[in-house]
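Visitor: Between the sequences and the hints, there should be enough to build the whole structure, so can you do that?
Chains as they are written, first to last, in the working numbering: chain A, 3 to 448; chain B, 3 to 448; chain C, 3 to 448.
Quick caveat, the hints were computed from the structure, so don't treat them as lab data.
Which copy is meant is left open, so a pair is good if it fits within one copy or across any two.
The calculated SDA-like cross-link candidates involving lysine to any residue, where the alpha carbons are at most 20 Å apart (straight line), are: (1) K103 x R424; (2) K173 x K198; (3) K132 x Y12; (4) K194 x R177; (5) K103 x F419; (6) K103 x R421; (7) K103 x Q380; (8) K103 x M425.
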Amino acid sequence: MNDNLSRDLYTALCAIPLIDPHSHIDPIAPASRSLDDILGYHYYTELAHSAGMSHEPLRKETSPRDRVKAILGHMGRFDNTVQYAWFLEIAREFLGFTGDKVTSADADALFDSAQTIFSQPDWEKQVLKKSNIDAIFLTNEFDDSLDGFDTSVYVPCLRTDALVFHLDKPKIRQRLIDTTGVDVGDAQSLRKAVWKLFARFKAKGAKACAISLPPDFAPVKVPDAELDRALKALSGDSPIAKAVFGGFQFARTIAGKSTGVDESPQAAVARGVFWMLAEHCREFELPFDLMIGVNRTVYEAGVYQGQDLFDRQTSLIQYRDLFNAFPEVTFPISVLTSGQNQELVAYSWIFPNVVTNGHWWYSNIPAYIGRDLTERLQAVPKTKQIGYYSDAYKLEFVLPKYNMYRRVLAEALADQFVRPGRMSETEAVALGKRLLRDNVREIFDV
Amino acid sequence: MNDNLSRDLYTALCAIPLIDPHSHIDPIAPASRSLDDILGYHYYTELAHSAGMSHEPLRKETSPRDRVKAILGHMGRFDNTVQYAWFLEIAREFLGFTGDKVTSADADALFDSAQTIFSQPDWEKQVLKKSNIDAIFLTNEFDDSLDGFDTSVYVPCLRTDALVFHLDKPKIRQRLIDTTGVDVGDAQSLRKAVWKLFARFKAKGAKACAISLPPDFAPVKVPDAELDRALKALSGDSPIAKAVFGGFQFARTIAGKSTGVDESPQAAVARGVFWMLAEHCREFELPFDLMIGVNRTVYEAGVYQGQDLFDRQTSLIQYRDLFNAFPEVTFPISVLTSGQNQELVAYSWIFPNVVTNGHWWYSNIPAYIGRDLTERLQAVPKTKQIGYYSDAYKLEFVLPKYNMYRRVLAEALADQFVRPGRMSETEAVALGKRLLRDNVREIFDV
Amino acid sequence: MNDNLSRDLYTALCAIPLIDPHSHIDPIAPASRSLDDILGYHYYTELAHSAGMSHEPLRKETSPRDRVKAILGHMGRFDNTVQYAWFLEIAREFLGFTGDKVTSADADALFDSAQTIFSQPDWEKQVLKKSNIDAIFLTNEFDDSLDGFDTSVYVPCLRTDALVFHLDKPKIRQRLIDTTGVDVGDAQSLRKAVWKLFARFKAKGAKACAISLPPDFAPVKVPDAELDRALKALSGDSPIAKAVFGGFQFARTIAGKSTGVDESPQAAVARGVFWMLAEHCREFELPFDLMIGVNRTVYEAGVYQGQDLFDRQTSLIQYRDLFNAFPEVTFPISVLTSGQNQELVAYSWIFPNVVTNGHWWYSNIPAYIGRDLTERLQAVPKTKQIGYYSDAYKLEFVLPKYNMYRRVLAEALADQFVRPGRMSETEAVALGKRLLRDNVREIFDV
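Guide: See below:
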C-alpha cells in the first residue's frame, strides 16, 4: 500500500471474518494436499500454456513434481501478472518462502515444503483460521452428496448449468432419475424433479441457486405445452428424432413484444428449465446467482477450464423479463467483463431485486476491480453490493484473492470517502464490512 | 479536494457564471416549494425504492412530510452514493443544515426549514444568485406556453420525443391540431405543422431542438410517398387499421446500402418525423440535441421516471447517414453510457457537426465523468465540448451537480495540463471556462 | 512527469533502441522535407477540419506554406489535444522552437526553419539517431518495389487490404497480374499468385503480413469450389454479371456451427483470400498483424484518411475459428477501441497464438493507453505484449509518439510494480524493454 490511510483501512478490513459467497471448494478435501493442487489451478495452467507450455506436463502420466516444475519453469514469462502475485503470497504465507520472487530453481524446495506443511492433520483448520474464514459457499451439482461435512462452514449451493443446458444428454437425465426418482418426460415431471432437488438442498442448508450463462441467453417464460413438445423431442434418443423436431416455431414474448421464434428443442428446454428454476427460487426463498456471459470451448485446444471466453455484445437487457417477472427473487449478478459493469450498476440502482456480485473471472484483476468497485460505490445502494467472492478451488487461494480485493477496496474507501471528508475511517471500515460480510449475511440469510 | 492546485482551480471555475444548456425546470415554478420537491427528484425515489421502499409513500394520498420521512428513512441504505452527497450539499447550502450526515432524525427539522426558506418571495432569485446562474435551458413540449417568463434566463427548447414516437396517439395529434391548426394526415401537412412549431419556438427565443432516442433508433430519410402511406395507416383510429397496414416493406438506404426493411407504420413515421426535424433545424439554424440510448419502461413496476434503462449495443454508427446529410446542423450528442464515450470522442474528432454534450443520467457520477472528460480533453477540439448540463427539475440541484462536475474538471485540468507543464493555472481556467460557458454561448448562439 | 521515480524510469526507457513494428514510412523518403509533411499528417487535417477549417487549404493548388498557415490558424481550437502536444514536441526537438505554445504567428518562422533543417543531406540519419531507432516496419502494397533501401532498417511488411477487399476491381487484378504473372480466375490461380507474393516478400526480408479489417468481418474457411464460383462471378466485368451471381448461398461453419449464409461474391472472395493469407503465413512463418474494427468512409466529406470510424459491436469472438485453425501462426492484434481491450486481454491470456499489439489510432491517446496497458500488464504474459508502434508516416513522429507511450509506461511501471514493492527499478525497466523491444525481436524474428 502506498500510503498510511490505505494501509490502516486495509488492516481493519483484514480483521473482518469472511463469508465467501462463491467457491468451487470440495468440502471433503477443501485444502491443498500438494503444490500440484495449487499450481494446477486453471489460472496457472492457462497462463503457462498461453506463454508456450505444451499440454504434455498436464497429462495424468506426469508426476505432480514434474508438472509443478514445468509450470514454474514458465512462470518467468508471466511474473508480471496478478496471478503470479497470488502465488507468491501463497508461498510466503503458507509455505514459509522468504524470497522476493519464485523461479523454477525453487520448485523442489517448495514442493517438499508443501508436502510437509499440507500433510499436517489440522492443515484445513489452520488455513481457515489464518484466512479468517467463517463460512464459504460451495458449487454443488444437483446430485452431489451434501453429507459428511459441516454445512455451516461449507454452505451448499445448487449449481444448475447441467439441468438448463444439458438435459438433452441421456447421462444427465439418468442422474436426475437416480437423484429424484423422476423420469423427466414433460413439463409436469420436470417440475416435480426440480421441486425435489430444491427441497433436498434447502433441507441441507443450501443458501443459493446458481448458474453460468452464455452471452446469447435471454430468459423468457415457456408455456408448458411447448416445454412438453420440446422435452419429447429431446427424449428421443436418436439424433434423427431431435432433428425432426428441431427448429420449430415457438410463440414468445420478448421484452414486451410477442414474436415467433425458431428455436431448437434444446434452446426451448434451456429457457423452460431456467424459468422453472426461478419459480422454485421464489418458492424456496433462495437467491438466484446469475453469472452472465461465458462462451464455453472457444479455444478448442485449451487446457482444462482454459477454453472459455466471452463476446462483446451481451447485455442485461436480455434479462428484463426475468427481473420483472420475479420481484420476490433476489438476483446477485456477476458479469464477465468490466464493459458490462455500467449496466450492472444501473440495473441494481433501478431494480430492487438486482444486486451486484463480486468480480468474476476475467474481471478479477485490480484494474477492473478498482474501476467497477468505484462505480458501484458511487451509485448503487450500499446494501445491494456483494463485494467479493473467491471462486477458489482450494482454500489457500481465499487469502491472496481477498487480500487483492481488500487492497483495492481500502484505496477506494480512502480516495472516495475518507480523503474528501465524506466519512471517518471508522465509517469507511463499516462500509467495507457491509460489502465484505453484512450483505452476504442478509442477502443469503446466513 | 485533495490538493491546493485542484482547490484553486475549483474556486476559479466556481466563479464563472453558468449557462446551463439542459434542464427540466418549470419556468413558472423554477425553485422548490417544499422539501418534497427536492426529495421527490427521481434519483431519490429510485434509490429508496431500489433499496427497499415500497410505492406506498409515493402515492398522492401521502402527505409531503410523510413522503420526505419515508425517503430519508431509507437514505441510510444509499448514503454511499453521489446522489446522497448532492442532497447533503443542498441541505448545507440552502437549508442551514450543519451536520455531517442527514438521517431520518433530521426529517422534521429539515422539512420545516425548507418550508420557511423556500417561501421567501425572492427565493428563486436567491438560488439563481447563489448558484451563479445566468441562464438555464428548458425542455418544452411542442405545445407549451412560452409566455409569462423571462426567456433570456429560462431559455426555451423544443423537445420532440412526442412528435417522433407518439404521433400514433390521437391525443398527441389533437394537441398538434390545437397548437398549429394543422391536422396531420400526410407528409405535406406534417411538414406544415412542424414548420409552425419551429417558427413559434424560434420567435420566442428557443435555442435548441432536443430529443431522447432508444438504443435501436437509426435515422434514415423516408421518402414523402412512404411517409404518406405510414401516416395514413396511423390515422385510422382502430388498432385493426394499424395492424392491416403494419409491417409493410420500405426501401431504405442505410449506411450507404440500399435495402428493404419491414417496418411498422409507427417506425416509419418516427424516422420520417425525425428526419423532418433535422431539416427544420437546418432551416431555423437550431442545434439538434440528441440524447442517445434510453429504453423506456424496462422496469415495469419502477417509480415514476425510474423505469428506464439501456442496452449495451447502441452505436453511433446508426447516425452516420444523419451526420453526413446535415453538415449545416450542429448535433450536441449525449450518450447514456460511458462505454459509448470513445465513439463520441471519435465522432466529434472527425465530424465538424458533432459536439460532445455533458454527462447524461446514468453516466452522471464522478467515476464516469472523470473518465469521459479526460478522454474528451485529450482528443476533441476544445471548441467542440459542451462540458455539463444539470438536467435539473428544480433550481436547487444546479449547484451541487455543477460542483460535482467542477471538482472533477478541476482535477482533470490539474492532472492533464497544469502539473505536466502544458498550461498555466490561468490557461487551465480559461479551458474550463470554454467547456462551462463559452461553448454553450457559441454553439447555441446565446 | 510528476515524480522522480516515474522520471527515472522514463529516462531509462528512452535509452532503449527502438524497433518500431508498424508504420507507413516511405523508405525512399522517410523523413519530412517541409513542415507541410508534418502538418499534412491526417491527425492535424482531421482536427483542423473538424474544428472548422474548410477543404480549401487541403487542395493541391494551395501552396505548402499557405496550407501550414491555415492548419496552424486552427490549432488554437485544438491545443488541448495530445496531437497538438506531439507537434509542439516536434517543433522543440527538431525545429529549434523554444516557445511554450505554437500559434499561427509562428507559421512563417517554423516553415522556414523546417526548410533549412530538413534539407540537410543527413537529416534522415539525424532523425533516426535522435529518435534512437534501430529499425522500423513498413506497410507495403503487394506490388511495391522492395529495392533501393536498407531492409534491415526499413523492414518490409506485406499489407493485404487490397487483396482481400478489392479483388473485384479490375485495376487490382491487373496489378496482381503485373506483379505475379498470374491471372486470378479461380482458387488455384489465386493460391499461386499469393504464394508468389509471399515468396518475394520473404526473400526481401519481410517480417509480417498485415491487414485492417471492418467491424463485421468474421473469417471462415471457404471451400475451393465456392471460392471458384465467387471469383468467376467477380471476374465478369459488368455489374450485371456480379448481380446475377450475387447473394447466393454458401455453406459455412461459423463458431462451430454449420450454417447457410447468403453472401455476395465479394464477401466470399474476401473470406477466401483472407483464409488463404493465413495459410501462407503458416507456410512462410510470418506473423499476421490484424488491425480490427475500422469502418471506411463513414464521414463521406471528411479529409483524406479522416473519414473512417468504428462501431461498438465488433467482438473478437468473430475470430474464434481463425485462432483455432492456425495454432502455428502468431496473430499480433490491434483493436480500435479501448472497449475491446478486455477481450484482447482475455484472448491473449488464453490463446497461445494471440498477442497484444500497440494502441491503434483512435485509442492512441494517454487516457486509453494508460488503461489498456495496465490491464495488459496485470493479466497477459509479458512475453506476449508488443507495447507500441508509431503508425508514423514520417520519421519525425516516432519520437513524440513513443515519448507519449514511454511516459504512460513509466507511470504504470512505477504504480503497478515499483511502488508496491513487486519489482526493483532495474527489473521494471527490463519489463519495459520487453514490451518496447525484446518482444518485437522475438515475435517478428528480427
